[in-house]
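There are 2 protein chains.
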Amino acid sequence: MPKLEFWISIGSTYSYLSVSRIGALAEREAVSIDWRPFSVREIMTEMDNIPFATKPVKAAYMWRDIERRARDHGLSPQLPAPYPLENFDRANRIGVLASEEGWFGAYVTATYQAWFEEGVPAGTVENLTRVLPGCGQQMDRVVADAESERIGAAYAAATQDARDRGIFGAPSFVCEDGELFWGDDRLEAAIEWARR
Amino acid sequence: MPKLEFWISIGSTYSYLSVSRIGALAEREAVSIDWRPFSVREIMTEMDNIPFATKPVKAAYMWRDIERRARDHGLSPQLPAPYPLENFDRANRIGVLASEEGWFGAYVTATYQAWFEEGVPAGTVENLTRVLPGCGQQMDRVVADAESERIGAAYAAATQDARDRGIFGAPSFVCEDGELFWGDDRLEAAIEWARR
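Here the protein sequences come in this chain order: A and B. So for the first sequence, my numbering puts the first residue at 152; every next one is plus one. So for the second sequence, my numbering puts the first residue at 152; every next one is plus one.
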């Protein structure tokens, strides 16, 4: 089965769309998805790439665009979702831990649902309270492990792996031959490329 | 027939794709296209929105992405095209003149072909030498008129019209109800919206 890396950083807005639809799409197209958490914020800060926080007109369009596309996919988000995230790194460090332990897909999907559909920001205690039990996880253990040096190093290494692939935004998709696609609107093209 | 405004600034890279394909697409979908030149650079500078010039990793991806999409549309650009344009404003002021006189579609299409397919930057004398005869225009007259105060005012007014619509990038598409779509990859969605 062809493989596709799905590079995701919890905090990216358009990733809500990809997270919500990639599972069914990949199953239908018989592509195996490798979910890869990293810090897109670190890379974007390095590049002085600030797409929305200081650009209200562009941010307003982004929410409208997500709303239209969500509707096309049968999703019902409450927009605008709280943005930007205060607990960006915590959400993603837990993602790195979850990835090591095999529950990242369930975690990131539930995290985005609570954030985009119920208005509970990712990375907060309230969000984790809703999300972790469904992943079979206990909050205190997860938060402590995610704050460990070991997970910090794994998070930095994952972000370096993203940098090495030429990734500058999220969501991004990387095929087995290294071909990179950026943005939820390139998901179908990435899957088509992966299947060639 | 439903109408769709096509807001374009010669200098935008992804606009090559839209310019090259919108005519046939609009004819097939029975949508009337209103070609609207403006200065996206002025708006993007105001917003401190610098997508590629200072971001080499993102720029490299942009060229690769355009190449893939051009191939899907049966186009054969020589990439990367010269970028950014030195004669951005001249190319667009001529566009405003052309729009008033009814030859903008032919002008912008030939301009992008020379720029993206033959490597001759838009707005240069060499580009105009190739493009203007096919539009039935004489270079000296066109350049002089484009430099006039009247055209300068019309260019500024067009850019203000874009701002009033919430436009922050090019290409952009605006439906009769004001719905805005940004980017060549939203052209199909804009046409679908316009036809509702």
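Just so you know, these hints were derived from the structure itself, not from any lab. Model, not experiment: these values are computed from the prediction. Check before you lean on any hint, since a few could be wrong.
Where chains are identical, the list cannot tell them apart; a pair therefore holds if satisfied intra-copy or between any two copies.
[To be verified] Listed below are the simulated EDC-like cross-link pairs for lysine to aspartate or glutamate, each with C-alpha atoms no more than 16 Å apart in a straight line:
| # | residue 1 | residue 2 |
| --- | --- | --- |
| 1 | K154 | E178 |
| 2 | K209 | D223 |
| 3 | K154 | E343 |
| 4 | K206 | E298 |
| 5 | K209 | E300 |
| 6 | K206 | E269 |
| 7 | K209 | E330 |
| 8 | K209 | E197 |
| 9 | K154 | E237 |
| 10 | K154 | D328 |
| 11 | K206 | E268 |
| 12 | K209 | D315 |
These are the hints, each one checked on the structure:
In this homomeric assembly, K154 and E178 come within 16 Å of each other (Cα to Cα) only inside a single copy, at 12 Å, whereas the closest approach across copies is 39 Å. Taking the closest pair of Cα atoms, K209 and D223 never come within 16 Å of each other, the shortest separation being 21 Å inside a single copy and 28 Å across copies. Taking CA atoms no more than 16 Å apart as the test, K154 paired with E343 passes inside one copy only; the shortest distance there is 11 Å, against 33 Å between copies. Neither within a single protomer nor between protomers do K206 and E298 lie at most 16 Å apart by alpha-carbon distance, with minima of 32 Å and 32 Å respectively.
Taking the closest pair of Cα atoms, K209 and E300 never come within 16 Å of each other, the shortest separation being 37 Å inside a single copy and 31 Å across copies. In this assembly of identical chains, the alpha carbons of K206 and E269 never lie at most 16 Å apart, being 25 Å within a copy and 35 Å across copies at closest. For a Cα distance limit of 16 Å, the shortest separation of K209 from E330 across copies, 14 Å, qualifies, whereas the shortest one inside one copy, 28 Å, does not. Taking the shortest alpha-carbon separations for K209 and E197, only the inter-copy value of 12 Å comes in at or below 16 Å, while the best intra-copy value is 21 Å.
With identical chains, the CA atoms of K154 and E237 are never at most 16 Å apart, being 33 Å at best within one copy and 43 Å at best between copies. Taking CA atoms no more than 16 Å apart as the test, K154 paired with D328 passes inside one copy only; the shortest distance there is 10 Å, against 42 Å between copies. For a Cα distance limit of 16 Å, the shortest separation of K206 from E268 qualifies neither inside one copy, at 24 Å, nor across copies, at 33 Å. In the homo-oligomer, the alpha carbons of K209 and D315 lie at most 16 Å apart only across protomers (13 Å), although the nearest pairing inside one protomer, at 29 Å, exceeds that limit.
The structure is inconsistent with the numbered hints 2, 4, 5, 6, 9, 11, although it conforms to all the rest.
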